[in-house]
Amino acid sequence: MPYNAWRGAVTGEIVAPALLEWAARMTGCGRVERCTVRPLSGGSVSGSVELITLHMVGAGSATREVQMVRKRAFPHEVAGLAAAQEIRRNATAIPELIASGDDHDGPWLIIPFTSGTLLSDQDAPPPGSLFDSLARLHGHFRGAANVPAGLPRVDARWWRQLCHEWVLPQLDRHGGRHPSATITRASALVSLIAAHPVVPRTLAQLSPTLLHGDVHPGNVLVNGQEAWLIDWGSSRIGPAMLDLANLVTFDSEEFAGYREAWEQSTGLPLDARSADLGYRWAALQIPIQYLPWMIENLTAAEVETALDRAEQALAVL
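Using full-length UniProt numbering, read the sequence shown as starting at 1 and increasing by one per residue.
Please keep in mind that the hints were generated in silico from the structure rather than gathered at the bench.
One or more of the hints may lead you astray.
Said to hold, decoys possible - Have a look at the derived ranges for each label pair, beta carbon to beta carbon: (1) L51 with T299: 32 to 40 Å; (2) A256 with F113: 26 to 34 Å; (3) D308 with G218: 50 to 58 Å; (4) E263 with T36: 43 to 51 Å.
Glycine included, C-beta positions come from ideal geometry on N, C-alpha and C.
The task is simple: from the sequences and hints, build the whole structure.
Now the structure itself:
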């Protein structure tokens, strides 16, 4: 049942066997009466995203609907989310990967559609289930044990590539939106940090794990006390605190909950000194990692503030 009705759609066989099996299990209905598809807006790193609605029919002509999200994905996005399925039963913030595959346009994946509100649109703190799930994810894959091949790894080489092949070209591309002094400062700082000896020295002290890689309020969907991590397009291997530092501080109640869940799930104490160093590294990586987005979307004053944070983080390290 291919769908190709709008430009950029995720084409291919929508109602794949894995999808049918999942829909039947969720609804108790064994037959698809019809399928509707409409586009959804995707995240900043996603390709086209579609909402699939299966109209199911069961015994006695009972009807039910079930909805899924189908999106273009990166290979490492599929690999990271697929690996996280190992702990999904006890980590409720990790979405179920219903199906994935490749077609002539590249990889795609399907996850359940979940109603809720982005954390960025709320004033409430993140639900505790989010940090419980992150702790279980990080603890299960601590030391990068059993992570799939092909996932990007946050190391000195990756850092240089991030700076030279992503951040600096984007500064050149969008630099006209800001005063030349701001762009000159940003370029000089990124060039300095790209090859700074503090990078390999710090990363060598931090145990890697499987990361969502882009945990911020716009990628957390909330409904009551439940939360879901959406958009795994930045999934990678790296220091665990990169998944926390955009949301909570090291001395917060939420981090205390994360620590408790980590220790409960692993049976090991969380190394507080390593976690503190992880936060200090995140204070450097995060403003640099998001600098291209900030250059394109924020004011010069906000960009300057991010550069201040990166300089301060470098000095602390």
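So, going through the hints one by one against the coordinates:
{"no.": "1", "hint": "L51 with T299: 32 to 40 Å", "in the structure": "34 Å, holds"}
{"no.": "2", "hint": "A256 with F113: 26 to 34 Å", "in the structure": "33 Å, holds"}
{"no.": "3", "hint": "D308 with G218: 50 to 58 Å", "in the structure": "23 Å, violated"}
{"no.": "4", "hint": "E263 with T36: 43 to 51 Å", "in the structure": "46 Å, holds"}
Violated hint: 3 only; the structure is consistent with all others.
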